[in-house]
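S.K.: Residue strings, one per chain:
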Amino acid sequence: MAGIGFALRRLAQRDSFGSSVQAYGYALMISGGPWMFTVAALAGAGWFSRDLLTIEAQPRFSIIIIYNFAASLVAAGPLVLVATRDLADRIYAKNVADVPTLLFGALGTISAVLAVTGLAFWGWVGDLTIGERAVAYANLLIVGGIWIASAFLSATKSFVAVSVSFAVGMGLALLLSGPLGARLGAVGILLAMTIGLAVVLYSLLACILAIYPDPVAGPALFWAGLRRYWEYAVAGLAYNAATWVDKWIMWLSPGHTTFIGSLPAHPAYDAAMFLAILSVLPSMALFLIAIETRFYEIYLEFYHGIAAHATLAQLKALHRKLVAGLTEGIRSIAILQAVICYTGVVAAPVLIDLLGGGLEMIPIFRLGLLGAMFHALLLFALVVMSYFDLRRPLLAVCVLFFVSNAAFTWISVVAGPSYSGYGYFASALVTTLFAYVLAARNIKQLLYVTFVTNNCMIRIR
Amino acid sequence: MNSPTYDCDVCLILEGAYPYVPGGVSSWAHDLIKAHADLRFHLVVLCADSAPRNLCFELPENVVGMATIALQQEEKSVRNAASTRALMAALEEPLQRLLCAGSLADLYELLRLLRAHPATCRADLLNSQASFELVQRMYLRTVPGSSFLRYFWSWRSLLGGLFSLLFAPLPQARVYHAISTGYAGLVLARATLETGRPGLLTEHGIYTNERRIEIMMANWLADDLPPSLGVDHARRDLRNVWNDAFSSYSRICYQAASRIITLYKGNQLLQMRDGAPPERLMIIANGVDADGLSRISVDPAPRPPTVALIGRVVPIKDVKTFIRAIALLRVTVPDVQALVLGPADEDPGYMAECQSMVAHLGLQEAFHFLGKVRLADHLGRIDVVTLTSISEAQPLVLLEAGAARVPSVATDVGSCREIIDGRADEQPSLGPGGRVVPPGNPAETARALAQILKDPTLRLRYGESIQRRVTLHYNKNVIDRIYGDLYREYIQMPDSSQRRAA
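These protein sequences, in sequence, are chains A and B.
Heads up: the first sequence is residues 1 to 461, going by UniProt numbering.
Heads up: the second sequence is residues 1 to 502, going by UniProt numbering.
Careful: at least some of the hints might be erroneous.
What the hints assert, rightly or not - In silico DMTMM-like links for lysine to aspartate or glutamate, alpha-carbon gap of 25 Å or less:
hint, chain 1, residue 1, chain 2, residue 2
1, B, 76, A, 231
2, A, 316, A, 301
3, B, 76, A, 292
4, A, 444, B, 75
5, A, 316, B, 133
6, A, 444, B, 133
7, A, 316, B, 93
Calculated from the structure, these hints are not laboratory results.
Looking at chain B on its own, in the form it has when it is part of the complex (with noise of 0.2 Å):
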């Protein structure tokens, strides 16, 4: 067997994020590529449609190339050729159970019936007569009580984004890293089925949950159907299609993926539950720059207490819950200043209710805005940090503040609780950094702060435990060498013979 030549070390496949759309995921890919400068990337960026986007980072030098898959294109042609038909009748089964619970061998089913007819393309598979009719038989075996309007058109997209990714080339890498399953985690499984390189994902919030709830609250997806009334006719409908094709294609990356890596333990639940491997689950949490922020010292002016939450001023922050539990506070802390640091300006509305919360309480002296500004500045003048939210992936504002020996009262939500208290395996154990309150809960969070702002020593410690938790778990260096020394490992992988034989 010639051995390939290959195109870069990492090809890193990205969906609907870097390097076109800003946010914490986008920032964190883009500190990864810089973070391996010694390593060549090559991206696979996956977007909605082929609508031109401009970029919202500079590709640092070690990305090689770039290749864009538009997931929705239309096909504006169609060829009813006979072998058409007899391709459509046998992909059946390998699609309608990739809609329903798909496994890796049956996109491997699906890839080697397209190279045995490689003329076909992907309009062939849209648009022709006999994909039409697959179309119905589909519908037939899955929610014939359901609006086939719709279905024909969630079809499309579900699977027209499947098709769009078999036929996009891809770049000869040592190893591929999937940055979400879905999509970008169907083009890891292709690439590993076709290459025989390994593969890596990383998820950071958990692609088949966040699709859940977009579906849940997608109203043209229900259908207008009397309710069915006996429970053993449950009736399944087009939401029950749209998730189970995303938990399926999870499940085909999960059982692509060499390493599953995620950022917190409770995301590893939601990755078994779509069948992921457990002996493959890995966590790596995001870092911060440790080293760098543990050099901000203690303002040492005299000023009263000071608590602060930074976020942006939007409803999954519940910065209303952060407003009553000052209002509550005052009462054992009079003098207790409290701000929010991070952009007002997203949800007006949500801002303006807010600033009539503080003056309906009364605390306009003691309660602050401060938009957008740099941490470092502040975190020496902040004695504690709280986050209301309602939900949180892995707060970075816990381990920033944490590096600066700020303790934190947080809500129980997302990684909050590993952040403050330490993992359950910690070794060796660091004690408490802060504490965790239930999430809606002024009374618990009030009381919390109180107890640290109240006795200094207590905040020493805290401050204490969840710098050395930061310097250890979350730095920014050591989470870069594990990166690191995982992306050596597969590199130097061998290529698996059988599956390139495939």
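Okay, chain A solo, but in the shape it has when bound (with noise of 0.2 Å):
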């Protein structure tokens, strides 16, 4: 019988979930990665010239290292979580023949916007030989080639080989720092510490192109990407900006100092403050070893039990399942950073005077640990959103972060020297108490989220 006909085939077709079941398994985690990173390596140039340099060279080489990592690290906000989820989308597929295409598409953009800004600020900014420029530059170029291959390599859970990557790579810099800095003083170390962070960037280079060897075309995929993922690319810059901007604001803060000529910081905030984030790390571990396994392997099961057609009973079931895991997740990582928070808290004299630091630094230290207990609790909160894809919860928690980081600092500033620190607590406490109620919010009503919302054979915009 031709002619009445009701398409209901066609309708077989949307009988999965397709790619809406994405496995958005990369961990935001990896941003507060190089973060944790810079710290380390700023404590550690601080070590090794110690004995090598003067009391004034001392300095030139930290505020290089420092404006290096704050401008790469900002480049790369966008660039690495749109990757990450670009290549997690593709890695979840299958179709991985485009991530060397991907990886050039981010490194040469990032080296782009680098180079441009970089010559025009190491060219003529402050006061430096011609040879610390040259070297100043080309570490800029290398760190922020390392953020984004250091995020490809972790999205692929690779995380041995980023580890060993950055082990041979500081190792041999800290090796050449010796003969280097005796020679060449300031310049030498610098070029000690760059030499080791291109091979770190080359090992993590070589490590994805042995796991995916395949041609690479232009760029014009990548950029795809940042279109299509525009959200994660706002939260990117704006999350990776939000964690320097309290620093930034203290640099042109009454208190603050000048090097080389014409760079501001403020070295006791700075030094309180990095000391304090580094409290996260247990947190990190813990999530990256127990939680986010354990997480995964529920929010795999919630997705399969759609996709193979569960009940709403068993789909119910697995939602409080979830919602059980991610209470548990936040219960530890909270216990734990309390426990550290509390120790550090008490023990900051000690701590501050055992690494040389000056008495003004206890409270902003002490601040920032109590900062840093709920900057772990946010982070958690974001990798939560991003495993879920609620995009845009995700961009206006980054968003609120760095706006009121800015703000509070600079009233911080306003009310007076006694008062630093107060602005990261105040927009660390603010903005995660934001991101919980915005991801409980999505989460409670995930299946709504996930069948409708989120549903990309629906996409609601």
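Both chains come to you apart, so use the hints to assemble them.
M.R.: If you want it as structure tokens, here you go:
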């Protein structure tokens, strides 16, 4: 019977979630990773330059590293989040032929951005020799590449390869810093560190290309991802800028010091905050080793349940299990972080004294620890949001983090030197609360979010 | 009450057919419009989705407008307004009934509720949180043991189509005429409720029956559940959900239509099963150009006895039974020639099987596939037309052959018996115009063919009978007049004020 017909068969094609069940299995933690590395590198640099450099030469070295890390991290923020998201989709879809193209698209983009801004900056800013300018410039480009490469390798869950690369590269930097520092002074140490970082970059790239040996095409593919996942791009930019904006404001505050001619910094605030943020390391380890694995299992069970045609009752049970798993994770991190924070607050005078810091660092360090406690929970919330592809909430949280950190820090500067550190603490507190309200609201409605608003076949905008 | 200005005389409501899809029903609709050049038609065309389509027909001049409704358009927005929550709660009972065993009253209730919430759009009904909660409640009331994912998509498709047509603008017509039930039938029901104008329904194939076959074959709807043990616990699954919904949609259309027309008696039993009120049922067959075809004269040139199957070479026509029958027929009529007139390229695999069967039975000399031809060129040289189909509605080839005095041997499917033997209430009784045989029975088919071929008097009598029947009951001019009279009767009918007030 020809004629009347209703395309029932077409509906069969919808009998799955298709690409909507993605393994959003990349950890936003990797954007915490470089931060940890920055702090460790700065601490290490201070330590191994101590015996080699004069008191005046030491800050020349540190300030270049700080500026390079700040600039490259902010530039890498949007690219890293988009690239890891894009990569996770492709790994899930077993469509990895484009991975090298994506990698070099991202590398090319960040190199272009940093090449232009870096040249403008290191070309004339500050009171530096030609050699120092050249090494500082090279250092900036290499560090930018590292953020991209380590994100790619982390998205493939090759944490061991990442760790070994960093250990080898930094070990080499340490070895070289002796002879080079003795011969060339500050620029020698910087050169040693840059050579070490270059080794890190190239070994990371070698690992990625060994896993994905496909040919490379133009950067258009990566730029398409930037457009498609623009929420992630803006969120990455806002988040990385948020982690620096309190420092920038402090650098411009009355208590700042000017280095190598014209570069401001606030050594007491910077050192106290770098030290405080190290306190989230145990939480990150706990997350990566225990929580993420367990959470990811329940997460997969939930989505597989949907795709495998579970009944509503079964789905609700899986949803409850998921919420219970998340609650458990938050509780573990909160307890661990509270213990560390409390210990740090109590031991602050001793710690600061041991590290040779001044008394003015102690209150800043304590507020930094309190802020870091919330920051750890914030990271957890951000990871969960990215797992469930809650793009808009993620974007809102990151933007709030940036705006509130800038605003509160500025208020603390206006209020006076005794309020240093309150800005970051208040911002971390407010942003974390906001993130949990948003995440809780969406996860409570996870079935609705999954079936309707986030369903790629309905794709609500 | 102000009398409305009418956009057209007849609003023709078509689903998945004219003017975008070729085929029998589409050609019928095209001819219907052309045959009533004095009436202004407006088309409402229902499509599965909003993909761009090409017209397969040149619209006649008396088509004054056309509206296309895409049933399965996806909504990209969501508003979780407080009023939506109240509306979705109120919609639960009528929607639940609409999907299980609905009536016109439920559609009326639905329209009333939507009119009470004029700000509501289709996206609210599909994408809001309240809607998702409604899906869950209806799932738990209907098939709590089935895949929720599949119910979700089923709900979205079945009711998404309904919502599409509820929000689509309709032309103001004097009479609404749906060419099927299903979503077209729901448009008809909505139009009669909203305008108070009468509705007509012509059903060629029975919609619920066709959907039932599709649903049965849709493996993705199967629930992989352990079979239930007791007969008391006959489990309802998603196929029931779909079947019930389409039966329900048909019932609503039957309740809304003033006349329920189909081609032959057999269909009416199915319509009544789906709730069509018997007093509104009516048979109007499809007509052929009886006057033109009757002018075809028998080719006087000497030729061997010739039998033809007119149709596409596809499994539903069961050409293999025809081939076997010819092989048997050759025993009694050794010089018989068999023709297959119709496109052979639709199912190449089946065509190849038929050809190898012809070769295997040694029929190459007697059996010819002629492909698509102009029927009028061949009817004068054919003695008997054969139809071995396992399924038919109202096969026009029997009528066309009959108009040219060619008798038929056809299987007892669709309206073949009505055409060959005449309806039980035929006045005056015209006698048989051929033979009716069981489907898939080459021996019976061969026996019937042999009788007719070997008895020229019988053949002539059959030919005379069938020609008179076609001229009287299946004459396109007569059929067109019947539709014309129906249209005029309902166009002149005053508004149903009770309905308009609704």
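S.K.: Which earlier hints turn out false for this structure, listed by number in ascending order?
M.R.: 3
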